[in-house]
Each structure stands twice: as structure tokens, then as C-alpha cells.
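Generate the whole structure from the sequences, applying the supplied hints.
Chains as they are written, first to last, in this note's numbering: chain R, 1 to 137; chain E, 1 to 137.
It is possible that part of the hints are untrue.
If we take Cβ atoms under 7 Å as the criterion, some of the chain E residues that face chain R in the derived model are [stated by the list, open to error]:
(1) Leu7
(2) Thr15
(3) Ala16
(4) Tyr20
(5) Ile77
(6) Val79
(7) His126
(8) Leu129
I should point out that these hints are in silico values taken from the structure, not numbers from a laboratory.
Beta carbons: idealized from backbone N, C-alpha and C, even for Gly.
If you want the building blocks of each chain, they are given just below.
2 protein chains.
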Amino acid sequence: MLPCHCLALRRASRTATSFYDTALAPAGLTVAQFAMLRQLQALGRVSISRAAQAMQLDRTTLGRNLGPLERGGMVRIVVGETDGRQRMIEVSDRGEQAVRQAIPAWKSAQAAISGRLNPGRLALLHELLAEFESIAS
Amino acid sequence: MLPCHCLALRRASRTATSFYDTALAPAGLTVAQFAMLRQLQALGRVSISRAAQAMQLDRTTLGRNLGPLERGGMVRIVVGETDGRQRMIEVSDRGEQAVRQAIPAWKSAQAAISGRLNPGRLALLHELLAEFESIAS
DNA sequence: AGGTTATAGGCGTATATACCCGTAATTGAG
DNA sequence: CTCAATTACGGGTATATACGCCTATAACCT
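If you want it as C-alpha cells, here you go:
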């Protein structure tokens, strides 16, 4: 049974997600939510489609994932002024605070990895992942 | 914004899943189902918990994922003879046939990656993923 | 201006994933 | 042998992910 590249990535992704989710749980965020909020902060006020494109996520997936964040008061979804079709995403103060509060836990998870996988190999992993994505996308 | 190891893995996993799912779609299997069937074949008749452990999957996740396969007649779930609590998983002939039929598509997807990421780097990726998992699990 | 085309999203549906809690069956201590 | 502890699993709930179809809005062409 030859190793399936996809299976290896999926397994590693599950493991990483579980590891980070455990670390972030006290802060009340999943790693998906944390990453999404941080990316939304970096993007600023942005439409759903544009955010999805930036995050390499399906549009409808991003739309659905906004649900829990919106219910938690972390983001607001408002109709675009110039284009009535667009739904603009705004990270609320509560969302920014949640990210700030979660950052120590996230850093701790990051450090747990960095402490056991030397910087060169970690950088190489990121590089190979990026290369893989450019091939498979 | 420092790169989150988890986010990078999740992104790559999504990309890979989409790539392989597209390749496998004509065969009527998702890559998750394909990988699961192949692992079940390798394991032989096995209980749900034991299979989940072998696949590094949550037990309840594996149990749920059996649903579509069972509905499609790819696997049978039978009560264990020696232990009435166990549910033994058996890949049916239909399941084996589905795997056989999907293998060309899978190989094509594998080859599309191998053709653009040289063997050394691909092997390194697998090695780094394994290392990551051993750290984060 | 009006009709056609294109774009932005929502909703239905389905799979994938994992947590918690409850139940059934086995194991083990005495 | 009995009963407590353990183990195996199902179901409820929730998030994450994506496809297809539909609607609303905008843009474009004549």
C-alpha cells in the first residue's frame, strides 16, 4: 500500500487540529475560528467571496463558518453600501478581544511544535506544503 | 502574522482533499472513503475501536463514516462473536470492487503530484508530516 | 430604458470530524 | 458467583467542509 499524499496530509491536519483545539479550548475558540478571525483582522472589512478567496476556502464554507462567530458576537455581517449583494464581514471588539485572549494559548501550541521540530525542518515543512498546494490547486 | 503550523496543514489538507475528490468522483468515492476502504482491507476484519486506533481517527468519527459506506453496500457491520459489544467491519465484494475501480484515478492523482514534486522532496514531506504527528499526538 | 448576462450569497443536502453522555456487554476483585 | 469497574459502541449535538440550485442585485449592451 503506497503512501497516499492526501491521506498523510489529512491525518496530519486532524492531529494538528486536535492539538491546537485542545490548547485553545480554554479561550473558547477552535483553531479554525481563531485562524479565521486573525485572517479577517488582517483583511479588514471584506466581502464573503473575497475573504473566501484570500483564505482558499469555499465561499459557502466560509459563509457557514461565520455562523458560530456571529452568534458569539465576534463578527458582524452587514450589507455592502456600494453593492447590495455583498455581505461585508467586520470583526467586532469582542472578536478582537477573543483573539487577544487566545494568543497566549496559540503561542504555547506553536512553541510546543517549534521546541521539538527544529526551525529549519519546520520552515521546510511550510515550504513543502506551499509547494504542494500550488501543484494541487 | 506568524505562520500557524496548524493553519498551513489544514489548508494543504483541504487542497489535497479537493484535488483527490475531483479525481475520484467518477469512481463514486471520496478520498476519505477510498482511504478508509483501503485501510480496512489492509486491517482485515476489525472492530470499530481497533480500526479507529489504527487510522488515528476518533472512534465515533469512524463509526459515523461507516454510514455512507454501509448504505452503499461497501462494508458490512456485524456483531462480534467472542465479544458482543464489538462491531466488526467487513469490506464486501462490492467494496473491494469499488477500490479496484478507483485505483486508476487515485494513481493518476498521485502521479500528478509526483510529476511536479520530485521524489526526494515528496519523501521529505511525508517524513516531516510523520514527525509532526509524533510531536502533536 | 429594458432585457440579458454576470456576480454575490443563501439554503438544502451530504460527508467528515469530534465531544459528551448513556447503554450494553465483558472483565475482574472479593 | 456477584457486583463493581472497565470497555465498546450508539446517539445527540456542534463545527468544518463543499457541491448544486436558487434568488437578488449589479453590470452591460443595444
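Output the numbers, in ascending order, of every earlier hint that fails for this structure.
-> 5, 6
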